[in-house]
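Protein chains: 2
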Amino acid sequence: MMPPSPIRKLVPYAEAAKKRGTKVHHLNIGQPDIETPPTILDAVKNADIKVLAYSHSAGNESYRKKLVHYYKKAGIDISHEEIIITAGGSEAIVFGMMACLDSGDEIIVPEPYYANYKSFAMMAGVRIIPITATIENGFALPAIESFEKLITDKTRAILICNPNNPTGYLYSKEELEALEDICLRHGLFLFSDEAYREFCYEGTYTSAMQLKRIPEQVILMDTISKRYSACGARIGAFITHNKEVYAAALKLTQARLSPPGLAQILGEAAVDLPDDYFNEPKAAYQSRRDLIVQRLNQIPGVFCPTPGGAFYVIARLPIDDGDRFCQWLLESFSHKEQTVMLSPASGFYETPGLGKHEVRLAYVINNDDINAAMDCLEEALKIYPGKTN
Amino acid sequence: MMPPSPIRKLVPYAEAAKKRGTKVHHLNIGQPDIETPPTILDAVKNADIKVLAYSHSAGNESYRKKLVHYYKKAGIDISHEEIIITAGGSEAIVFGMMACLDSGDEIIVPEPYYANYKSFAMMAGVRIIPITATIENGFALPAIESFEKLITDKTRAILICNPNNPTGYLYSKEELEALEDICLRHGLFLFSDEAYREFCYEGTYTSAMQLKRIPEQVILMDTISKRYSACGARIGAFITHNKEVYAAALKLTQARLSPPGLAQILGEAAVDLPDDYFNEPKAAYQSRRDLIVQRLNQIPGVFCPTPGGAFYVIARLPIDDGDRFCQWLLESFSHKEQTVMLSPASGFYETPGLGKHEVRLAYVINNDDINAAMDCLEEALKIYPGKTN
Numbered sequence: 002m003m004p005p006s007p008i009r010k011l012v013p014y015a016e017a018a019k020k021r022g023t024k025v026h027h028l029n030i031g032q033p034d035i036e037t038p039p040t041i042l043d044a045v046k047n048a049d050i051k052v053l054a055y056s057h058s059a060g061n062e063s064y065r066k067k068l069v070h071y072y073k074k075a076g077i078d079i080s081h082e083e084i085i086i087t088a089g090g091s092e093a094i095v096f097g098m099m100a101c102l103d104s105g106d107e108i109i110v111p112e113p114y115y116a117n118y119k120s121f122a123m124m125a126g127v128r129i130i131p132i133t134a135t136i137e138n139g140f141a142l143p144a145i146e147s148f149e150k151l152i153t154d155k156t157r158a159i160l161i162c163n164p165n166n167p168t169g170y171l172y173s174k175e176e177l178e179a180l181e182d183i184c185l186r187h188g189l190f191l192f193s194d195e196a197y198r199e200f201c202y203e204g205t206y207t208s209a210m211q212l213k214r215i216p217e218q219v220i221l222m223d224t225i226s227k228r229y230s231a232c233g234a235r236i237g238a239f240i241t242h243n244k245e246v247y248a249a250a251l252k253l254t255q256a257r258l259s260p261p262g263l264a265q266i267l268g269e270a271a272v273d274l275p276d277d278y279f280n281e282p283k284a285a286y287q288s289r290r291d292l293i294v295q296r297l298n299q300i301p302g303v304f305c306p307t308p309g310g311a312f313y314v315i316a317r318l319p320i321d322d323g324d325r326f327c328q329w330l331l332e333s334f335s336h337k338e339q340t341v342m343l344s345p346a347s348g349f350y351e352t353p354g355l356g357k358h359e360v361r362l363a364y365v366i367n368n369d370d371i372n373a374a375m376d377c378l379e380e381a382l383k384i385y386p387g388k389t390n
Numbered sequence: 002m003m004p005p006s007p008i009r010k011l012v013p014y015a016e017a018a019k020k021r022g023t024k025v026h027h028l029n030i031g032q033p034d035i036e037t038p039p040t041i042l043d044a045v046k047n048a049d050i051k052v053l054a055y056s057h058s059a060g061n062e063s064y065r066k067k068l069v070h071y072y073k074k075a076g077i078d079i080s081h082e083e084i085i086i087t088a089g090g091s092e093a094i095v096f097g098m099m100a101c102l103d104s105g106d107e108i109i110v111p112e113p114y115y116a117n118y119k120s121f122a123m124m125a126g127v128r129i130i131p132i133t134a135t136i137e138n139g140f141a142l143p144a145i146e147s148f149e150k151l152i153t154d155k156t157r158a159i160l161i162c163n164p165n166n167p168t169g170y171l172y173s174k175e176e177l178e179a180l181e182d183i184c185l186r187h188g189l190f191l192f193s194d195e196a197y198r199e200f201c202y203e204g205t206y207t208s209a210m211q212l213k214r215i216p217e218q219v220i221l222m223d224t225i226s227k228r229y230s231a232c233g234a235r236i237g238a239f240i241t242h243n244k245e246v247y248a249a250a251l252k253l254t255q256a257r258l259s260p261p262g263l264a265q266i267l268g269e270a271a272v273d274l275p276d277d278y279f280n281e282p283k284a285a286y287q288s289r290r291d292l293i294v295q296r297l298n299q300i301p302g303v304f305c306p307t308p309g310g311a312f313y314v315i316a317r318l319p320i321d322d323g324d325r326f327c328q329w330l331l332e333s334f335s336h337k338e339q340t341v342m343l344s345p346a347s348g349f350y351e352t353p354g355l356g357k358h359e360v361r362l363a364y365v366i367n368n369d370d371i372n373a374a375m376d377c378l379e380e381a382l383k384i385y386p387g388k389t390n
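Here the protein sequences line up with chains A and B, keeping their order. Letter by letter, the first sequence follows residues 2 to 390 of the numbering used here. Letter by letter, the second sequence follows residues 2 to 390 of the numbering used here.
Hints may be right or wrong, so weigh each one.
It does not matter which identical chain is meant; a pair holds if it fits inside one copy or across any two.
Okay, derived cross-link-like pairs now, DSBU-like style, lysine-lysine, Cα gap no bigger than 30 Å in a straight line [claimed, not checked]:
(1) LYS213 - LYS20
(2) LYS244 - LYS119
(3) LYS66 - LYS19
(4) LYS67 - LYS51
(5) LYS10 - LYS383
(6) LYS19 - LYS244
(7) LYS337 - LYS51
(8) LYS119 - LYS155
Treat the hints as calculated values from the structure; they're not laboratory data. Please read these numbers as outputs of a predicted model, since none were measured by experiment.
Let's have the full structure, built from the sequences with the hints guiding it.
Here is the structure:
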């Protein structure tokens with residue numbers, strides 16, 4: 002059975018709270034509030050379309066050729082014949098699992114991890130083997146020896162999200178090279194979901210595609226959803242130097258005929274945005290991160306490491322159970338007619354029992370709202386019946 | 002391994018022919034030449050979008066509510082909570098297989114069938130069991146007794162495409178009821194791909210959703226691709242009265258977050274097209290069907306039944322091998338600097354050896370081009386070295 006989404010399962014309680022007149026601050030879902038650049042929407046509006054026909058199954062060649070320049074600027078060298086345009090990052094991940102793994106194969110994923118990976122694995126008939134990253138270490142990559150212990154004759158790949166959803170952790174070059182070592186030694190694929198590449202606030206971003214010793218083993222899964230605040234477009238990319246894997250993925254793309262057509266126009270236009278386009282959203286996210294981490298750590302009993310990227314943090318709260326607490330916030334609490342919606346972190350862990358005292362917060366609302374949301378959380382933790390200290 | 006697409010595998014030969022200056026009449030792929038209604042493209046152009054956000058995983062509620070009216074006019078009673086908007090009909094079929102079948106389960110499909118069903122079945126880890134329809138019977142539904150013989154304890158569903166791709170056959174009410182009987186008797190799902198609903202030229206169209214005795218067993222897979230010449234939009238629908246199946250499919254939709262956003266606006270606008278919108282494309286297709294069937298049957302040794310719907314015909318040709326012939330047409334033949342691209346029918350059959358003397362033709366080009374293409378075919382069959390009579 003597919004697990005319920007930890008991000009969406011509390012939606013009915015939020016709707017009920019809103020009906021009672023309570024304002025709900027949404028920190029539960031990674032839907033950015035940043036405006037989609039109007040010029041890329043205009044590109045769709047100005048397109049001269051007579052017949053909205055199937056595109057190439059790998060996506061329009063003109064778009065793929067443009068993307069080569071985007072990736073070059075990001076330090077990633079690829080050709081347009083190594084790119085497949087997908088229906089969001091989601092489809093890229095499914096294609097990766099289906100093209101590289103057989104039913105019953107295993108893929109090691111550091112937990113907590115993006116909950117939908119589990120659904121994709123179920124669709125592909127493969128097993129996720131979790132390796133636990135801890136909040137005490139700021140969710141850094143677990144020691145390589147712990148990876149080695151998990152490798153069996155069924156292991157085919159390691160999947161990372163960098164910068165990470167749900168932890169915000171930005172993997173260092175050294176950590177990437179440690180992964181490269183182990184993939185090289187055991188002949189594993191390295192799947193790298195880099196949806197949040199443009200939002201790194203310190204340290205240096207290293208793409209898995211920059212690892213020089215395993216060019217045939219790296220699969221890059223990407224999306225424009227977060228990069229350009231275009232989640233609804235459903236445009237992503239599957240990228241690999243491995244011709245055999247590319248050919249296998251291409252057959253999967255042919256079955257579904259083509260990626261979304263109108264949104265490919267939008268994606269192509271996005272490559273032409275000025276180089277300084279990311280400055281503004283990145284500065285906004287960084288300021289929010291600084292604020293939310295500061296506010297969280299000021300609340301007695303709360304611990305939140307400072308992550309290097311993406312727009313998520315995971316915080317440990319002095320509570321009995323994150324699921325219960327997040328539901329209580331929506332059902333039984335309000336402060337100045339407001340409350341806050343968080344994602345219980347348990348849903349991001351595979352190992353039962355982990356994440357029970359943690360929540361994920363997506364800082365996709367402005368600083369005033371973050372302050373109001375943190376006021377709510379602070380007050381809530383004073384009176385929550387399941388408080389543990 | 003995913004099979005190569007019978008529709009696309011000859012593309013390199015077509016490209017080479019074009020480079021030599023030969024005009025290629027494309028009868029190989031169901032990409033309509035009919036214009037996408039400009040008003041539905043305008044709806045996207047006029048949309049006021051600040052943030053192109055994720056939609057509801059099942060698709061925008063406003064669109065689903067509108068679709069209820071479209072289906073009502075088509076004689077199908079459903080509520081918006083029984084509809085999931087999908088990325089094309091392709092995703093609807095994958096969701097059906099994944100939501101209703103377990104790995105290793107079997108699904109009976111009359112052959113020849115839409116080749117991508119096989120890819121979807123491989124993705125879902127299920128087996129297609131073919132039941133052969135014959136050109137002599139115009140590709141009518143095989144006798145129910147032959148279905149019964151194929152049912153095992155693994156059989157979970159029967160999948161039909163109505164009107165049919167690749168045969169154009171329109172199933173009668175009696176045939177649908179025979180399928181209803183067998184699904185009722187054996188507790189099977191009936192998957193009905195009705196992508197070509199609006200293009201029926203005689204007889205009466207019956208939707209599987211109109212079968213009254215198996216409301217919980219019918220899954221309707223639909224798409225706007227052909228209906229509104231909007232193949233590139235990638236908008237389809239998964240429809241069922243079965244709440245359990247709907248819930249299972251909804252979890253699959255949540256994993257991929259949402260269907261294409263811009264194209265949902267287009268789909269919603271399409272419901273508002275005037276009632277007589279279909280008259281023109283339908284008349285165009287019918288006139289092409291009449292012409293192509295007449296021209297084909299006038300060629301010595303060729304047999305082509307007259308199908309009741311869609312925009313495909315399958316013809317039997319006096320040739321040794323359809324794959325060889327279709328490649329030869331592109332590689333070694335031209336008539337007045339023109340040739341024709343067809344799909345070898347073998348790729349639409351599961352049973353090895355079948356369809357060897359048959360080709361599929363999609364009448365998605367105008368009558369003048371159909372005449373020119375048929376002139377080519379007629380001349381080609383006079384000189385093809387592998388001619389059999």
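At most 30 Å between C-alpha atoms: does LYS119 with LYS155 qualify within a copy, between copies, both, or neither? both (17 Å within a copy, 26 Å between copies)
First find the shortest C-alpha distance between LYS66 and LYS19 inside one copy, then the shortest across copies, and answer within, between, both or neither for a cut-off of 30 Å. Intra 46 Å, inter 23 Å, cutoff 30 Å: inter-copy only.
Alpha-carbon proximity context of LYS19 and LYS244, limit 30 Å: between (51 Å within a copy, 27 Å between copies)
At most 30 Å between C-alpha atoms: does LYS337 with LYS51 qualify within a copy, between copies, both, or neither? between (54 Å within a copy, 29 Å between copies)
First find the shortest C-alpha distance between LYS67 and LYS51 inside one copy, then the shortest across copies, and answer within, between, both or neither for a cut-off of 30 Å. For LYS67 and LYS51, both the intra-copy (23 Å) and inter-copy (25 Å) Cα distances are at most 30 Å.
Treating 30 Å as the Cα threshold, decide for LYS244 and LYS119: within, between, both or neither. both (27 Å within a copy, 23 Å between copies)
How would you classify LYS10 and LYS383 at a CA-CA limit of 30 Å: within, between, both, or neither? For LYS10 and LYS383, only the intra-copy Cα distance (25 Å) is at most 30 Å; the inter-copy one is 66 Å.
Up to 30 Å CA-CA - LYS20 versus LYS213, copy category: So LYS213 and LYS20 fail the 30 Å test inside a copy (55 Å) and across (39 Å) alike.
Consistency with the previously given hints fails for number 1 only.
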